[in-house]
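Here the structure of chain A is known, so what remains is to put chain B in place on it, guided by the hints.
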Amino acid sequence: MQFTRRDALIMSLGAAAASVLPVQAFAAASAEEILAEFTGGAAVGEGGLTLTAPEIAENGNTVPIAVDAPGAVSVMILATKNPSPLVVTFNFGPMAGSQSASTRIRLAGTQDVVAVAKMSDGSFVQASQAVKVTIGGCGG
Amino acid sequence: MASGVKPRVKVPKTAAIGDVVTIKTLISHKMESGQRKDKSGNAIPRSIINRFTCDFNGENVIDVALEPSISTNPYFQFEAKVPASGEFTFTWYDDDGETYTTAKSIAAT
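First to last, the protein sequences are chains A and B. Oh and the first sequence: position 52 is 52 in the working numbering, straight run, nothing missing. Oh and the second sequence: position 45 is 45 in the working numbering, straight run, nothing missing.
Just chain A, with the same shape it has in the complex (with noise of 0.2 angstroms):
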């Protein structure tokens, strides 16, 4: 087989993530800890929140996400595989227009983003996407 400039490119590439992998064996909280905590245990139910992520995220430092919660209190982004899963924390106060709201995040790699809403009867919504990631953003 003939190596190709691509392929070194590819080949070179994998190498940096496995060097980056023992780096994320310890992360601080795990995000389902993260997410026991918000919700204090409660059943997490389905619905009633978008999460608009893109599918392929070219650039992983830097990933427009947006959220639209109506009738939500506060909303979390969770992503996965990150070092430190918890991203941010939208609470909307008496004057927000809607509770809704758009960013920008670092993804370390490919993974599912996650945003659990807390609404104003005291339940929990979640949605989920999954972004392929092709440079991750969080160093190493």
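Among the hints, a few may not be true.
Claimed, not checked - Partial selection, computed: residues in chain A whose CB lies under 10 angstroms from chain B:
no., residue
1, P64
2, I77
3, N82
4, F92
5, P94
6, T110
Said to hold, decoys possible - 20 angstroms max Cα-Cα, derived SDA-like pairs, lysine to any residue:
no., chain 1, residue 1, chain 2, residue 2
7, B, K24, A, G97
8, B, K24, A, A29
9, B, K24, B, N57
10, B, K6, A, G97
11, B, K13, A, G97
12, B, K81, B, D55
13, A, K81, A, A29
14, B, K6, A, E58
15, B, K24, A, S102
Everything labelled a hint here was simulated from the structure, so no lab data went into it. A virtual CB, placed ideally from N, CA and C, is assigned to each residue, including glycine.
Same frame as chain A, now just chain B:
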């Protein structure tokens, strides 16, 4: 102290009373995650903005808790009610205790 921090905010100048307006904010900040290492292998200490709030005439619109996974130059877009003329105030809280504030007034007709 993070250098060159400059908040930028986009708010419409006028709106109809009771309207909902879209607000865009951006602050230039390097958002050092604490995960990266410098050339000699030492971890670069975390230096991020950890909280952002927006208020309208003293009432809260949005209160955001930021974590290291937020991108460089944190950008937010959200919507706010405009029941009367007034002023939006925006505050960013840095890890080093610094706060950056800016304000924009809006005329409701």
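Kindly indicate which numbered hints from before are broken by the structure, ordering the numbers from low to high.
6, 8, 10, 14
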